[in-house]
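Q: Sequence:
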Amino acid sequence: MTKASIVGVWRVKTPDAPFTYHMFTFHSDGTLMQSNPPAGNTSTSDTAGMGIWRTGKDDTVQARFEEYRLGFTDKTVTRGVVDFSLRLNGDTLSGSAMFTIYDAESGEQLRGPLTTVVTGSRVTFVGYTSASMNE
Numbered sequence: 001m002t003k004a005s006i007v008g009v010w011r012v013k014t015p016d017a018p019f020t021y022h023m024f025t026f027h028s029d030g031t032l033m034q035s036n037p038p039a040g041n042t043s044t045s046d047t048a049g050m051g052i053w054r055t056g057k058d059d060t061v062q063a064r065f066e067e068y069r070l071g072f073t074d075k076t077v078t079r080g081v082v083d084f085s086l087r088l089n090g091d092t093l094s095g096s097a098m099f100t101i102y103d104a105e106s107g108e109q110l111r112g113p114l115t116t117v118v119t120g121s122r123v124t125f126v127g128y129t130s131a132s133m134n135e
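The sequence shown: position 96 = 96 (the working numbering), numbered continuously.
It is worth saying that the hints were derived from the structure and are not from the lab. All values reported here derive from a predicted model rather than from experimental measurement. Errors might be hidden in some of the hints.
Listed next, the in silico EDC-like pairs over lysine to aspartate or glutamate satisfying Cα-Cα at most 16 Å (straight line) [claimed, not checked]:
{"id": "1", "residue 1": "K75", "residue 2": "D103"}
{"id": "2", "residue 1": "K13", "residue 2": "E105"}
{"id": "3", "residue 1": "K13", "residue 2": "D91"}
{"id": "4", "residue 1": "K75", "residue 2": "D29"}
From just these sequences and the hints, can you work out the full model?
A: Now the structure itself:
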């Protein structure tokens, strides 16, 4: 039996984030991309998240993405860092995330870490699972 791989596209929910719904793409080279609506956060305009991932010894996926954030009212630029610990179960994932905000210039921690749970489901063709897509 082949181990489940996180490589692919995922619908991810983080209920304590400013906007609950996200799209993640985990690439086979250990990079990832995250996106959600720019208006999902009512206090900042956030770039797409870009980051890295790896599978640990216990098959837990460790991931991190970073984004720049621009305050709508004061034009303050900060850097958001989100660290994940995820477990796969076929075409679903679950785990936790920590979000920390840093000053974009000095790197000083401004807020956090804030924690939340993470759940997700893989984007698949209707009627197919990740295992059957390679047949």
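Q: Give a verdict on every hint.
A: Results of checking the hints against the structure:
| no. | hint | result |
| --- | --- | --- |
| 1 | K75 <-> D103 | 12 Å, holds |
| 2 | K13 <-> E105 | 30 Å, violated |
| 3 | K13 <-> D91 | 14 Å, holds |
| 4 | K75 <-> D29 | 35 Å, violated |
When the structure is compared with the earlier hints, violations turn up for hints 2, 4 and for no others.
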